[in-house]
Structure formats: C-alpha cells, structure tokens
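Participant: As a plain string of letters, each chain reads:
4 protein chains.
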Amino acid sequence: MYSFLNDYSEGAHPQILEALNQTNLIQTVGYGKDEYCHLAQKVIKERIHNEQADVHFLVGGTQTNMLMISYALKHYQAVIACDEGHIQVHETGAVEGAGHKILTRPHVHGKVTCQMIEDICQQHTDEHMVQPRMVYISQTTELGTYYTRDELKALYEVTRKYDLYLFLDGARLGSALVLPDAPTLEEIAQYVDAFYIGGTKMGALFGEALVIIHDDLKPQFRYHMKNKGAMLAKGRLLGIQFYELFKDHLYEDIGLHENRMADMIRQALIKKGIPLYEPSATNQIFVDLPQNALEAIEKEFMVTHMGAIPGGERVRIVTSWATSQEAVLSFVSLIENL
Amino acid sequence: MYSFLNDYSEGAHPQILEALNQTNLIQTVGYGKDEYCHLAQKVIKERIHNEQADVHFLVGGTQTNMLMISYALKHYQAVIACDEGHIQVHETGAVEGAGHKILTRPHVHGKVTCQMIEDICQQHTDEHMVQPRMVYISQTTELGTYYTRDELKALYEVTRKYDLYLFLDGARLGSALVLPDAPTLEEIAQYVDAFYIGGTKMGALFGEALVIIHDDLKPQFRYHMKNKGAMLAKGRLLGIQFYELFKDHLYEDIGLHENRMADMIRQALIKKGIPLYEPSATNQIFVDLPQNALEAIEKEFMVTHMGAIPGGERVRIVTSWATSQEAVLSFVSLIENL
Amino acid sequence: MYSFLNDYSEGAHPQILEALNQTNLIQTVGYGKDEYCHLAQKVIKERIHNEQADVHFLVGGTQTNMLMISYALKHYQAVIACDEGHIQVHETGAVEGAGHKILTRPHVHGKVTCQMIEDICQQHTDEHMVQPRMVYISQTTELGTYYTRDELKALYEVTRKYDLYLFLDGARLGSALVLPDAPTLEEIAQYVDAFYIGGTKMGALFGEALVIIHDDLKPQFRYHMKNKGAMLAKGRLLGIQFYELFKDHLYEDIGLHENRMADMIRQALIKKGIPLYEPSATNQIFVDLPQNALEAIEKEFMVTHMGAIPGGERVRIVTSWATSQEAVLSFVSLIENL
Amino acid sequence: MYSFLNDYSEGAHPQILEALNQTNLIQTVGYGKDEYCHLAQKVIKERIHNEQADVHFLVGGTQTNMLMISYALKHYQAVIACDEGHIQVHETGAVEGAGHKILTRPHVHGKVTCQMIEDICQQHTDEHMVQPRMVYISQTTELGTYYTRDELKALYEVTRKYDLYLFLDGARLGSALVLPDAPTLEEIAQYVDAFYIGGTKMGALFGEALVIIHDDLKPQFRYHMKNKGAMLAKGRLLGIQFYELFKDHLYEDIGLHENRMADMIRQALIKKGIPLYEPSATNQIFVDLPQNALEAIEKEFMVTHMGAIPGGERVRIVTSWATSQEAVLSFVSLIENL
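Here the protein sequences come in this chain order: A, B, C and D. Residues in the first sequence are numbered consecutively from 1, following the UniProt record's numbering. Residues in the second sequence are numbered consecutively from 1, following the UniProt record's numbering. Residues in the third sequence are numbered consecutively from 1, following the UniProt record's numbering. Residues in the fourth sequence are numbered consecutively from 1, following the UniProt record's numbering.
Quick caveat, the hints were computed from the structure, so don't treat them as lab data. A portion of the hints provided could be inaccurate.
If chains are identical, the list can't say which one is meant, so a pair holds when it fits in one copy or spans any two.
Simulated crosslink set (DSS-like; lysine-lysine; CA at most 25 Å straight-line) [unchecked claim]: (1) Lys33 with Lys299; (2) Lys33 with Lys161; (3) Lys247 with Lys271; (4) Lys45 with Lys153; (5) Lys218 with Lys161.
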C-alpha cells in the first residue's frame, strides 16, 4: 500500500540526512547558538532581504503557532482565523490552552478575507468583548488553496487599518512559493509581521523556521521559547536542516516536485470527470470520489477520508518531496482504467 | 431619564440592605466560613432537596463561569455553548484566558439544542481536536428566552450520552423560576451538574451562589476559588444576602415583580403593533423600534442599542427588582401615544 | 469572646454603610464607569498629586495582586518578594496560577532589602532562568513592620538600576500612612510603579483601589480586569466606599484608631515583660506568650496562633477600625493581672 | 578546543544515526502511532516488567517536565523540589508558566530528602496556601549525585503517607543505572508514579521517553501533549531512537562509557590534590579549580564556569557517549603536569 495520506510519512530528504550524517561528530554549543543555526539564519535573512528580522528554529507547527500567538497577545486579545484554520480545528485547543480566544468566520475557499476582518473588528469595540489583535492565515490553506500576492497585500493593509498583527503559518509554504502569482519569500516578509517556513512537511526530519519582522514581537523571544519547553538542546539539528533547505533552493525544488506530482493526479481526475472539491494548484488535492473509485484506489493507495458525500466520500490526496513518479503513474493509470 | 438599561442599575433590595445594616457590627470569621454563609447554604440545599450539594458564594458572574469551567476541564477539553452565549461573547475571553476552548453553533431562540451537542460531539472524536466535556447554558438566555423543564431534561439526557457536564448560568434565574413550564430550583438541581443562582441581577448588592451537584466537581473547590482571587474576605456579606433572598422566597418575589413590569411593557408594544424580536416572558424585552418610536422613548428613558435595523434600531429593555410601576406606566403611556 | 483575629471581622465603618444606604436607589451605569467611581478616582489622584495616574477599583487583595503582576509580566519573567510575602505564602499559588514565578530571599524584619534584589538580579542573567521584572512589597508587612520613606526610596532606586517595576500591596496601608517616618500617599506614588490602597482591612465592606503610575502598566487594564472576572457589575459600590474613605481623611482616622488600640496592648505586654516577637508600631502585634498567659487570654479573647514556641505560643493580635476601647481596656487589665 | 561543556555537544550515537538512515524512506503513519514507537514502547515495558505502563515519546526535558507536572496538578497544587532542582532554576519558569508553584528547601548533596517533604507537608495544611501534590527529583541530580535504591524507596514511602505523586526526571538516567547501589529501571518503575528516560543527553539526536505508572496520570495524555505543542509529526524518529537505545542495552553501555571517562578525570584531580566540590560517581564532575589550573585547562578544553571561589573557579566537567578516551588521556596528562 502506497500512502498519499500526508507529507510527513517518510524521514528526511536525502540531502538533509546526508548533512546530519556529515556533521554528527562536530562539537557545538547548544540551544540554537551554534554556527549552523547562524548560517541558516543568515541565508534566510538574505533571501528576504531583511537583516533586521529575527529567525528562530522550532520543532513543530502547533508549537510554533502557539508560541507566536501567545507572545503577541494579552489574554483579553484574540486572533482572527477562518473556521477551517489549523489553529481553530486541528491543534487540540493549543491557542486557547495558552489563554487566547480565536475569532472565526466561515472560510472563503479556505481563506480569510478582508471583509471578515472588517466585520469582526467592527463588532468588537467594547471592553466586555475580546479585542482582536492578530490575524492568522496559512499558506497553503487547509483546503490546498493559496493567497495570491494581491490578496496578501490587501490583508496586510486591512490589518494596518485595525492595528492587527498579521501572522502566516507556512507549514506547506514551499508548495505555494513556486506558483507564479503567489507571493515570494521576500514579498511575504514585506506583508506580514511574522511567518514561519515549514520544514516538517517540506522534507526536514522536523523543524519550522519562525521569522519575526515586527520589532514589537522580537524582544526576549528565546526566553519565551524556553518557558514553553520549545528550545531544542541540540539546536544545531535545526540549523543544519534549514541551511540545506535554503543554501541552494532545495526548498523550492521540493515544492516544484510535489506540485508536479499533484498536477499529474489532478489531470487524471479531471480527465475522468471526477470533480475536485476545492480546485487547487498545490500538493493537496481534495476530491469527491464515487464509492467504486474509492474502493479501487484503496486496494493500492492510502488516502485521507474527509467525510461522506452522496454516493461516495470526500478524500484528501497529498504529495510530498518523497512521492515517487512511479507511484503517481500507477495511481494515474488506475484512475484512467476506472 | 429613567434607565431600563439593565437589572443592576441600583444598589440592593431594601430587605437585603437592612440585613447588612443589622449585622454590621457582629464579629465573624472570614472567607465564607461564618454562620451566615452556613445558614444560606442550608436554605439553598433545603430548597433543592439535596443535602450533598456544595454551595459556594462568589462575587460575580464572569468569575463564577470561569471558575466552574476551569475547574471542570483540562486544557484539551472544551465547553459547548451557542454563539450568543454570555461566555462566548460578553466575558472578554475569560474562559479562553483560563485555558479552554468554547465550541459553538448558531443559537435557536437564544438556546443550545440537543442537536448541536450531538453534531459537535460526533465531529470531535480525534486527538488533534479538543474534546467536548461540558455544556454551558444560561437561564434565562441572552435573548430573554428560557429552557422549559422538558428542554432541560432533554439536554441532561444528551449530556449523559456523551459524558458531558451540564452547567447552568443562572445570572437571571429568578425571572425564569416563576414561569410555570420552566424548571423549578429542585428540578434544575436534578438535571444539571452545577449551576449558579444569580444575586447581582436579582436584587443583591453583588454575589452568585454556585451549587455543585456532581461529586467530581466538588473536591477542594475552595482552594480553586482562592487561587483565582475569588474568595471574599468578608464572606459573610454573601451569606447574609443569600439568606435574605432564600429564607422566605424574596428571590421568587423579585422574579415575579420584574416579569410583571416587563409584561406591561410587552403588552403595550404588541398592542401598538411594534414587533418583538425574540418574544419572551422574562425581564428582558428585545424589540425592533421604528426610528420615531426610539426618539420619543429616548427623551425620557434609557434603553440598550443592539444594532441598526431597516428604519430603526433593535433595542433591549430590562426590568428589575427596582423597576417602579410608575416608570412602567409612564413608558406604557408613551407607547400608547406614539 | 471578643475577636482580635483580624481586621475584617465586622462589616463596614458606619460612615461607609451610611453612604451605601443613602445612594441605594440612585440609578447609575455599571462596571465602574459611574459618577461615584469618578469622584473616588478624583480624590485619590488629588491626594497623590498625579492627574495621570490610573485608578481601578477591585474587590479583594489576592485578586488585585494577581491582576497587577500578571499584567506586568510575561511568563518568562518573575516577581521578587521575601519569603514571608503574602503572594508567596498566603494566596494559594495565585501568582503562579496566573503563570509567573516568585523569586524569594529570607525576609529582614518582614521586608525586602536592596541587597536581596541585587543578589537575585545578578544571579539571573541567563535565558535558561526566569528574568526578574518586578519587586513586590507590602505596607505594612506580614509581620506588622513597615518601610520608612528612606527604605522605600532606596528600593525604588535599585529597581531603576535593574529595570524592575516596584509594586506595593497596601492591604493595611492606613496603619502605616499615619506613622511619621513612613512615606505619605504622595511619596508612595512617587516611588513605586503601582500600588493598591486596601479597603477590605481598612473599614470598607470590601474593595481595593489599584493606583497605576507607570505608563507601561496602564493600557487596556480594564479589559484585563474583565478577562480575569474582576470587574464588578455594580462598580458604584467601590466608588462610594473609597470616596467616603478619602473625601475627608476617614482612611487616616481609621489608621490612627487601630494603631492607638494596638499601642495600648503593646504597652501592657511590654510592661508585663512579655516579649514582642517583631516589634511593630502598626495594628498587628506578634508576641510570644507563655502558656498560662495564652490560656488566660483565650478565656475571653480570640487571637491567631502562629506556631508553638518553648513554653508557649507565638500569637498575632490585630486591631481594626471596629476595635472598641472597652475591649482593649479589658484585655490590658487581663494582662496586668496575669 | 575540546568541549567538556555538556553531554549534548554532538549529534547522535552512530548506531542511532544508522537506524535513522536505514528507515528513512519507509512510510509510516504520524504522531507516534507507527510501528517503531510500538516497538520502543514494548521493549521499555518489558525492561520494567510492567505491561500496564504508558510510554510517551517527547522531544526535550523541559517540555517533558512541564507536561507531566501540569497534567498531574491543579493550579492550587504545588510540586516539591530542592532549591537546585532543574525545574526550579534552569527552565525559565516553565512549571510556573503552566500555572503551578514549586515549593523548595535547600538541597542535601543535590537531593530532596524525606525530611524536606515532611516539613513542607506539615506546613501546608490551610486553604490559603498551595497544596503539595507531587515530588520532583532527578536521577542523576544537578550536582552529579544520585539517589540510591534505599533513598528512592524511602522517598516513595513518604509520598504515599502524604498522598503525593513521585516524579523522576531521568535526563541523565543512564549514568546512574549502571551504578550498583542505584535503583534499576525496574526498581524505579516500582517506586515512582512517573519518570522519564532521557535520550537527548544519552546519545539520541533528541527525545525523552516518559513512562507513566500511576493510573490517574494516564487518561488522554496524548491530548495533553498535542494541546501543549509537544506531539511530533514524524513521531517515528523517537520510536526508532529509543528502540535502538533499549533493544540491546546500548543505553547502559553509554552510561558505562561516560562514567568510565569521568572516573579517569576524577582520579587525576584527586591524585593532584584538587578538591571535588560534590564527590560524584556519574558523568558530571564539579571541582574547585585554582586559577592556574583553570588557565592551563582552558588553553585546550572547554568547561562550564559555576561561580568564583577564593583563588579560582568552581567548574563543571561533563563526559558523554561521544567523549573520546584520547581527549580524556590528554586532559589527565595536563592535570598530572600542572
């Protein structure tokens, strides 16, 4: 059985693993103050053309979201997200567990819109209600869609109007970075106050690089990390991995590969007349499968069930850095022969 | 200007104030271990026919909700409410500030329904999502409606099915207690795991009596109160007030008075053909006022604006223990002459 | 049995109770935005000659300490106190419950010293340790001693050196304010960043007036109060009481009375050769009583046991606004006749 | 410069790294539900002869301590530790950040004693004080000492007397496991309620295995992990590493190696007449170095400064799985030739 369940089914991209092997016996200081972390911070800051940014390496996505949001907000302040936002649905209440409310509105193609932000801000003007103070978005979204550079810029502007921080969760950022109308890394850094570059779902063993742009979000962030149990002793492991990902565009190469694999699957489904649920261009495909198609697929492939639909099931298919063209061709052939 | 803004515009019911005056110089021990608190606990437990219940006296409603919910839940557990629930909208994120998510669905006449609970529980079965563990309702609701005894019993049963605590916020409980198809105090105590009897909005200077029925919610609750800064030094003040409210049915008398005052206003509005927004039988009236009616009223009375409607404004009118029949007759006369 | 157990055994000073009676039926807005709160804020700001200060009225001392400390600190920051500090010993972990460590050193006559602060700050310079950010002191202390104006000024200076906020808990402030070498209210406001004026132990039914001097501690504090369940619906009750306490020096009169009552007891004990444990000039007396003296006293008076000593018991005797000269004379006579 | 700064200066033990390489392309499910985690859980449960234990894999020590303590305690409850405990000094307030007070007493050779626990419990019997509910110890301690099996058993018994959980932090457990009078893994599992087996400081890239013995500490712990951002997506990485450490006693082999390296250094120091600060038998050496010795050492080796002493400096020297005999011999020779 070949798994299309997610993009963290395997270990690390071979180039990353090789770097971990090569550096294994070198002695460094701990907690992210080593030369590999410095190198990785340097290449990321060069890529965004912002020497003043702070870059911190963390282990996982929920941890990173919770840390950034809880640093930015007081307990009487809230973060705005859409109802399908990862922090709202799939983090077991981590943001609320840290003491902060999430204000939501129904998503539009998986995304937060300027209108939602306007509405929420206009309705929360009273000291008996939480005060909106941050907007959380993810690139790509939970439905595989993405924000264009114009959409991001518009969100940035509305957050300026209401004195909100804009925070972008980039767990799957690589898949969007390589799309022509999506914002580049440098553009993202211009239009958000903080964002993270996902490693776990982009070929690293683990790790996320949190990039903080807004000066108010920077002071003593490392204390905050330690206080929440999020400072890795062998911090070098994160530096080594992110240096590999960014020293020569491995990150974008992985994004291109996974999108290309996903496109082959998408084309086969469309050609067969099977409707995509939320048409996407990234490495996540949401599709409404008739029961017979589902059964045929699940003889050879694992896919994620999202819920029953009339006559079948909505499923998610995910490609990754490790997805083999062989597996994809085999899947495509199966679809063609349904 | 006469205020119909809320039910906490004045001090205390004269009988309560008199009791505070009479006992002022008597020495007692502190922190709610005095004889007045014991007397008040005794009369409340007699009224619900449950000697095993624990009764704690707290100062305010948000405090009481936050204390009970944070005691009952782990941080990975959530409380279910409707989207208009007081804890969801009007407590400045107190529940989330204490570390707990609120799961909501759109209200039905201001109320939580069994179907909402079923839906939420069936969608939250995965360790990446919060675990529903409590249902929060209020009697009366934020829209002035109330749960009938059958509705409460049905909610109780669905909470048993999903292993949820049922918690009732009775900030305005007196207004419902005197309605024939609403549950009595004894019935409430049978069909919830914890509830509070509001004092602040029912004629006390301040204070809420939290009644804990479920044994798992009882141990060391006083430590929890102290830890959250919610244990009043001169706890006697709460005991004295609740003893007055419950030793001779003053609580119900106040409920009857405020409903009677509200009924007179409701009749006048209906007779005049002005539509009630959410028809109610309690001390809160929500009504869609044409602009001219609003303007005429606001020359003499203060009412709460709830939001613009075509051609006017939705407003809330609230009666209380202190609402004078004179003021109500004057208001009624104004409506008749519109 | 007459109680010298504490200074919150009775209700309110008659003048305060009278004001509550007089204003009972006047309608006001809620949540501390009424005219009585404004009046009380005005007289307090006049007394400290600081129009820029913010004054908030809260219900109790633990609540006030927890609110101010949790507003001022991030979770990786700590508050410095002595090992006998109220927040360290007698608040059931409220400060830690809100997420903040207390760093302590052994007290010197119940007080924090400059040397303690220096030591702690010099030992906490590493991101694996909490960062000291505030100093907590109380006037008077848990042992009935007090900070002189010179001591307070010295603490202020050391807190400037290490970028620490200085916060003064004035639960029993009135007893110190009337001593000649203790800082006046105006001086306190010059040498701290925030302090509270105790009402509960100084003749109010309940209530503490938090005075915030440092601009960084002011923004949106009312949201923080509401989020922690600490905003009283009938906020007027606090305004009315503090206006009475400060419009004509009732606060200082109460301090003088309780100190005078305590002095009479102190003189009798000293004359009898019974050693005071921590000599004080305020309304708390700590004394090491021989067993026979304890037994004789406890036939007529209640005192607080602090722990066994060889041949007897250390006890605390507290006077208050309500302590009658008659009771004190009777106690003195008992001591003389031991 | 060769580093004796700590036991996490290098990557992973070669056998562990090899296992990560070998399994890299195998697809597994995420979040610790894969077959490698199951294997690792199985071998650990066999080693402690307790099939009912729960084993969870976490990323770091501070995270593990904070998770276990915050799961076990309510906010009004406290954990007992000694003043040198890792949670008290070196975790940037993580335990308090999660809402819990640490009650401390001065250490005895780096350890908690039964007497400390008795004292603390007898002094905390009042609802105005936190309630002791857990004891935290570490094996080995912050001073390189360790609890014998008799000492552990005695602590276990006193915790039973006062209804306290006993929790053992085993960040450096391997160094103690191989000492004859220290408790074995099986004995530890008999005499504590929860403990963790350190990986980060024992040859893993990262990771700690939390073993929960007491049934009350088990339910829904994985929800708690996720809520705190502590559930690793590629959980397999932890399973693979702990399986290598425990399938064939690699863990104990590493402990033996690091102790043997430390012994050689200790012997050289003692022979030279340089006093060990806290004599130990484990991989941490604390020694009071004269200034000339320190200077000579620091031309070739890095050691941790613990604080000035008359005429020199107290330093810590740490050996690890990666410490080479060559480096140790060179260090020994340097000491002999001082």
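Participant: Hint by hint, note whether the structure agrees.
Facilitator: Comparing the hints with the structure gives:
| no. | hint | in the structure |
| --- | --- | --- |
| 1 | Lys33 with Lys299 | between (49 Å within a copy, 22 Å between copies) |
| 2 | Lys33 with Lys161 | neither (37 Å within a copy, 28 Å between copies) |
| 3 | Lys247 with Lys271 | neither (39 Å within a copy, 51 Å between copies) |
| 4 | Lys45 with Lys153 | within (20 Å within a copy, 46 Å between copies) |
| 5 | Lys218 with Lys161 | both (22 Å within a copy, 23 Å between copies) |
When each numbered hint is compared with the structure, violations occur for hints 2, 3.
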